[in-house]
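Start from the sequences and build out the full structure, keeping to the hints where you can.
2 protein chains.
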Amino acid sequence: MNLFVIGIGLIGGSMAKDIKRLRPEVAIYGIDTSPAHLKEAMALGIIDNKSTYSDLPKADMVIVTIPVDVLVAELPKILDAVKDDAVVIDAGSTKSLLCKTVEDHPKRRNFLACHPIAGTEYSGPSAAIEGLFQGKTNIICEVEKTAFKLQERALEFFQQLGMRIRYMNPEAHDRHIAYVSHLSHISSFMLGKTVIDKERNERDIFDMAGSGFESTVRLAKSSPAMWTPIFKQNKQNVVETLEEYIQNLEEFKRMLIADEYGAIYDEMNNTNKIREILKGIIPLIKQ
Amino acid sequence: MNLFVIGIGLIGGSMAKDIKRLRPEVAIYGIDTSPAHLKEAMALGIIDNKSTYSDLPKADMVIVTIPVDVLVAELPKILDAVKDDAVVIDAGSTKSLLCKTVEDHPKRRNFLACHPIAGTEYSGPSAAIEGLFQGKTNIICEVEKTAFKLQERALEFFQQLGMRIRYMNPEAHDRHIAYVSHLSHISSFMLGKTVIDKERNERDIFDMAGSGFESTVRLAKSSPAMWTPIFKQNKQNVVETLEEYIQNLEEFKRMLIADEYGAIYDEMNNTNKIREILKGIIPLIKQ
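Taken in sequence, the protein lines are chains E and P. With the first letter of the first sequence counted as 1, position 6 gets the number 6 in UniProt numbering; the numbers rise by one all the way through. With the first letter of the second sequence counted as 1, position 100 gets the number 100 in UniProt numbering; the numbers rise by one all the way through.
No lab work stands behind these hints: they were computed from the structure. A portion of the hints provided could be inaccurate.
Since the list gives no way to pick out one identical chain from another, each pair is judged satisfied if it fits inside one copy or across any two copies.
[To be verified] Derived lysine-lysine pairs resembling DSBU-like cross-links, with alpha carbons at most 30 Å apart:
#1 K198 <-> K100
#2 K198 <-> K253
#3 K273 <-> K39
#4 K100 <-> K253
#5 K198 <-> K273
#6 K232 <-> K198
#7 K279 <-> K39
#8 K253 <-> K149
#9 K198 <-> K279
#10 K20 <-> K58
So, in structure tokens, the structure goes:
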């Protein structure tokens with residue numbers, strides 16, 4: 001099998017690493033706009049060959065792991081280039097615009113819209129790690145629009161990576177992911193900004209930072225090139241989650257100013273149920 | 001040496017565990033309003049004896065690790081009870097009100113105001129772990145108000161736990177810690193609340209949560225009994241940090257609504273410098 005990975009970073013690189021280990025007979029071709037990343041991926045043994053779109057007709061499977069704005073522009077061209085029985089899989093964090101963009105493409109049946117919920121705050125080929133997808137959730141959208149035998153090939157691939165599958169429509173995906181992923185990133189970025197702005201005038205402040213701060217601002221290390229187009233494509237949902245989040249912060253501030261400590265206690269106590277919820281997801285994350 | 005720990009939870013229990021290992025000759029007495037916690041601490045071997053305030057005159061060192069509202073009420077009584085050459089150390093997350101409360105106490109020189117920046121989101125004796133303080137920062141306030149030989153005894157103790165010391169006045173402590181700790185907790189609690197509220201009508205949402213969400217809401221597992229009085233005592237600083245944080249979130253929302261993606265990119269790119277800042281603190285946290 002010829003596997004093409006377009007965008008050799010954390011996600012594509014980690015998938016390639018797993019497949020190389022599990023199915024050594026697979027030939028892995030890498031395509032990337034960055035010659036440095038391609039060179040690095042070769043040096044790290046993540047890919048077997050540097051490649052270009054002109055080789056795409058050789059592909060049996062294409063994994064497209066590039067920022068979502070580039071993905072929307074490139075996916076139609078990739079579908080144009082592949083042969084009739086190739087399956088093209090993406091890993092974008094937004095699904096509505098992408099699915100809409102290719103809905104009338106003559107090779108729509110060659111495409112499977114996916115979002116593997118996995119990653120770290122790092123990027124590039126050197127961030128690729130083995131076993132990243134083990135036990136993680138992969139959201140698949142509009143599965144019925146993909147050719148049956150190509151669905152099968154993709155699902156076998158995800159099974160080899162150890163992923164569990166959830167099916168969802170693109171609109172529900174984008175609405176839900178705004179809460180559990182996009183909002184977390186904004187809250188973390190703005191927390192980092194608030195403290196950095198303060199630190200300009202108050203040195204030593206970071207001497208006092210502990211593991212709690214580190215945990216809540218970890219996502220503020222994420223790549224702006226990846227996240228700006230995600231927020232743009234999911235603007236409506238993200239604005240809605242931000243409004244609800246700001247409203248909750250405003251209400252907390254109001255209670256504090258009004259000395260309503262009983263209500264503050266109750267609010268935190270109710271939110272403690274996140275413990276039980278996280279107990280359900282941590283085993284999946286830590287696997 | 002007789003060491004008394006008042007409040008056998010995560011912090012006091014972890015200190016006792018380290019001292020038991022490092023200085024087996026020290027006799028450790030536990031005082032707690034919860035008979036269940038005392039029994040658990042005995043069963044776990046964290047303390048050698050269950051005790052009460054009536055035994056306090058035997059103490060050479062007293063560690064007071066109780067919620068900050070109880071601390072303000074109890075510290076004067078504890079100082080009343082100890083002998084003249086005993087040192088009393090606290091570990092409260094706020095320092096101004098406490099220092100003010102005991103400023104005219106006849107045994108003020110027996111007290112050393114401390115805030116070890118260490119912990120997890122768990123509480124109670126079973127949460128106590130060895131080595132929790134290794135490499136962590138301990139903020140000491142108003143050191144000049146403590147008797148010199150008692151400072152020495154306390155510093156030797158902190159050195160044995162592996163802590164690095166920073167000296168600060170109580171007002172600066174409370175102002176800075178609002179940014180790097182108290183705000184992180186509120187942002188996390190309100191993020192948890194926003195998603196839980198949404199999830200009431202939308203099942204399956206947590207199926208989509210990954211390690212990013214887990215990291216940003218981890219602190220929402222924290223104890224309301226511990227955190228409510230912290231927010232109360234540090235109200236003014238916390239309200240100020242909340243206002244700056246909300247303002248940054250509002251500005252992010254405004255940029256998103258106005259399609260100012262270049263500015264959004266720049267904002268995240270600037271905040272990425274948190275990477276370098278965290279590089280400085282993570283080795284301390286992870287040690």
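Do the hints match the structure? See the list:
In the homo-oligomer, the alpha carbons of K198 and K100 lie at most 30 Å apart only across protomers (26 Å), although the nearest pairing inside one protomer, at 43 Å, exceeds that limit. Taking the shortest Cα distances, K198 and K253 sit within 30 Å of each other both inside one copy (19 Å) and across copies (21 Å). Taking CA atoms no more than 30 Å apart as the test, K273 paired with K39 passes between copies only; the shortest distance there is 27 Å, against 47 Å inside one copy. In this homomeric assembly, K100 and K253 come within 30 Å of each other (Cα to Cα) only across copies, at 25 Å, whereas the closest approach inside a single copy is 41 Å.
Proximity of K198 and K273 under a CA criterion of 30 Å is satisfied inter-copy only: 14 Å between copies versus 32 Å inside one chain copy. In the homo-oligomer, the alpha carbons of K232 and K198 lie at most 30 Å apart both inside one protomer (28 Å) and across protomers (22 Å), since each shortest distance falls under that limit. Taking CA atoms no more than 30 Å apart as the test, K279 paired with K39 passes between copies only; the shortest distance there is 27 Å, against 41 Å inside one copy. Taking CA atoms no more than 30 Å apart as the test, K253 paired with K149 passes in neither setting, with 55 Å inside one copy and 43 Å between copies.
For a Cα distance limit of 30 Å, the shortest separation of K198 from K279 across copies, 19 Å, qualifies, whereas the shortest one inside one copy, 35 Å, does not. Taking the closest pair of Cα atoms, K20 and K58 come within 30 Å of each other only inside a single copy of the chain (18 Å); across copies the shortest separation is 67 Å, beyond that limit.
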